[in-house]
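Q: Residues per chain are reported as follows:
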Amino acid sequence: MSQLDQSGAVPAAAENAAPAVSLSGERVLRVIVPLVMLAALVGLWAWYVQAYNIPKYILPSPALVAQSLVNDWPILGAALLVTLKITFAALAIALVGGVVLAVLLVQSKWIELAISPYMVILQVTPIVAIAPLILIYAPSTQVALLVCAWIVAFFPVLSNTTQGLKSTDHNLLNLFELYGASPLQTLFLLKLPAALPYFLAGLRIAGGLALIAAVVAEFAAGSAGAGSGLAFRLLESQYRLNIPRLFAALLLLCATGVAIYGATSLISHLMLRRWHESAIRREN
Amino acid sequence: MSSAVSMNAVAPSGKPIVRLEHVSKTFSNGTIALKDMSLTIGEGEFVSLLGPSGCGKSTALRIMAGLGDASTGRVEWPTMPHDASGKPEREIGFVFQEPTLMPWATVYKNVWLPLRLHGVSKAAARERVMSALEMVGLDKFADSYPRELSGGMKMRVSIARALVTRPRVLLMDEPFAALDEITRQKLNDDLLRLWEQFGWTVVFVTHSVFESVYLSSRIVVMAARPGRVIDEMEVDAPHPRGVAFRTSLEYGEFCRRASQSLLSAIGANDHL
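Just so you know, the protein sequences line up as chains A and B, in that order.
Numbered according to my numbering, the first sequence terminates at residue 1258, and the numbering increases by one at each position without gaps.
Numbered according to my numbering, the second sequence terminates at residue 353, and the numbering increases by one at each position without gaps.
What the hints contain is simulated information worked out from the structure, not anything from laboratory work.
Predicted, not measured: the structure shown is a model, and the values here were computed from it.
We put the CB at the ideal spot given by N, CA and C, even for glycine.
Just to be clear, a hint being listed does not mean it is correct.
Unchecked claim - Listing some non-contacts, in silico: residues in chain A with all C-beta distances to chain B over 12 Å: (1) THR1099; (2) ALA1168; (3) ALA1175; (4) MET1245; (5) TRP1249; (6) GLU1251.
What the hints assert, rightly or not - Derived DEER-like restraints, expressed as beta-carbon distance ranges: (7) SER109(B) x PHE1162(A): 42 to 52 Å; (8) VAL1077(A) x HIS288(B): 25 to 35 Å; (9) ALA204(B) x PHE1162(A): 41 to 51 Å.
As the list claims (entries may be wrong) - Covered by chain A, according to a simulated footprint, are these stretches of chain B (three or more residues, beta-carbon under 8 Å): (10) 146–159; (11) 172–186; (12) 191–197.
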């Protein structure tokens, strides 16, 4: 009955297949070009240190940094674990809290009026400035770091999810009303799925910010001993002029940040690839 | 009742299924979207609300569906069961101007939605969802996502979703206005065939004279500012209709009359 229409689907499918061939070529390039660039930079760095005889307490050679990374792994690994724990705990609480609060804000105008100004104030105040206070009030340094990281990671989740919940298609809202959907059905079957792309954008921002906040808060807190994270190891290495270890710690932080960004991007892509424009465009 | 209405009012054929009595709608900004509209639609009729934009035809349809209340006047569904809030229950299917599909859900899940909202499980809904998709010729696309479909196919999914509750009444708000002429004609033919087969009552909002004449058993012509009914005409051509009807002199004559009516509707507003 609808041959006319269905024939339209065939060219669409064929279009999708054709760029896939050139796409794989582009993908290889996408991996190779950054790797070549990396090799070139590391080579230049090694050559510079060697040629100008730079002392290792100013700029250690790449080999020395790698060596330090291996030798100091017991210390750095433990510190990384602490930082990761704080980051992910803060991110998890921020995600749950951000989504729950966003749902509440959207349900009631009064709650929104009462709460959102304070959310903004919390967001615009630099975390280093509040950290000393939090350190005083929190029962332990770990908790203080967690609170700092949470404050920073929380806002993008809240703000994006709220925006997403508010952007639900009005016609779909009418449709749900027409078929007598309960408020809970409308929330779970319509508003939350519609907010998903916004939430995921918030997640990508929050993931990176949680790590940054965990490090910054530790700088402010200056914790020491067994429970110290990468930020403390950075400071300590600086005081002791152990620059190779400082570089190694920095390398670990960078890698962690990149990994978090990669993981959140991947989650976002996997969840949206079947239907959302953002995921579709990225494939082209 | 205004003189314009009584002048050409056409009695509904069949038992009344919906009755609008002196319905008016004024929006909060003071716009009078609909003024004193009275209309009775009989069981099994295909009624078009034809008029320029701003004539309140969509507003009238939404009020019938229970999306927004009338400011004054009453809407009655004499033969339908009502839910606790007084809305006619389940026996209405509504088709919006846009397909209005959930982009994150497959075709199957989109069509399942009205049943799902009434607690019918995915498996229990299977037979009805698939038969609704078969009616619009999309049963092979149950697992596709809306973005993988053409505009016409999306509209078909939207129609299947309206049909899945097996409604007695189909309310359609300019459903094919955004489609190209060829797709639109195809969907008109398919809709007409389904209507001839199943005998629903259809209320069809459109601004196309040709579409309304081709499809309807009765045309209600409306004018804007304020939105109101100014004329009615019966299209008593026999069914099934097809290319033969669409190319007949008789069809041309109906279109001429409807156009004249519509022209006077537009002429009623000198600032247009």
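Q: It remains to establish, for every hint, whether it holds in the given structure.
A: Status of each hint after checking the structure:
Every beta carbon of chain B lies more than 12 Å from that of THR1099(A), the smallest distance being close to 37 Å; the non-interface claim holds. Listed as outside the interface, ALA1168(A) is inconsistent with that label: its C-beta sits roughly 8 Å from the nearest C-beta of chain B, within the 12 Å cut-off. Against the 12 Å criterion, ALA1175(A) stays outside the reach of chain B, whose nearest CB is about 15 Å from its own CB. Interface exclusion of MET1245(A) from chain B breaks down, the closest Cβ pair being 9 Å apart, not more than 12 Å.
Against the 12 Å criterion, TRP1249(A) falls within the reach of chain B, whose nearest CB is about 5 Å from its own CB. Listed as a non-interface residue, GLU1251(A) fails to keep its Cβ farther than 12 Å from every Cβ of chain B; the least gap is roughly 8 Å. Between SER109(B) and PHE1162(A) the Cβ separation comes to about 31 Å, which falls outside the hinted range of 42 to 52 Å. At about 40 Å, the beta-carbon gap between VAL1077(A) and HIS288(B) misses the expected band of 25 to 35 Å.
Remark: the range hint 41 to 51 Å for ALA204(B) to PHE1162(A) is contradicted by a beta-carbon distance near 20 Å. Evaluation of the coverage hint for the segment 146–159 of chain B: fulfilled, as 3 residues show C-beta separations to chain A shorter than 8 Å, against a requirement of three. A stretch counts as covered by a chain when three or more of its residues have a beta carbon under 8 Å from one of that chain; for the segment 172–186 of chain B and chain A the count is 9, and the coverage holds. Closer than 8 Å: that is the beta-carbon criterion, and the segment 191–197 of chain B has 3 residues meeting it against chain A, so the requirement of 3 holds.
Going through the hint list in order, the structure does not satisfy hints 2, 4, 5, 6, 7, 8, 9.
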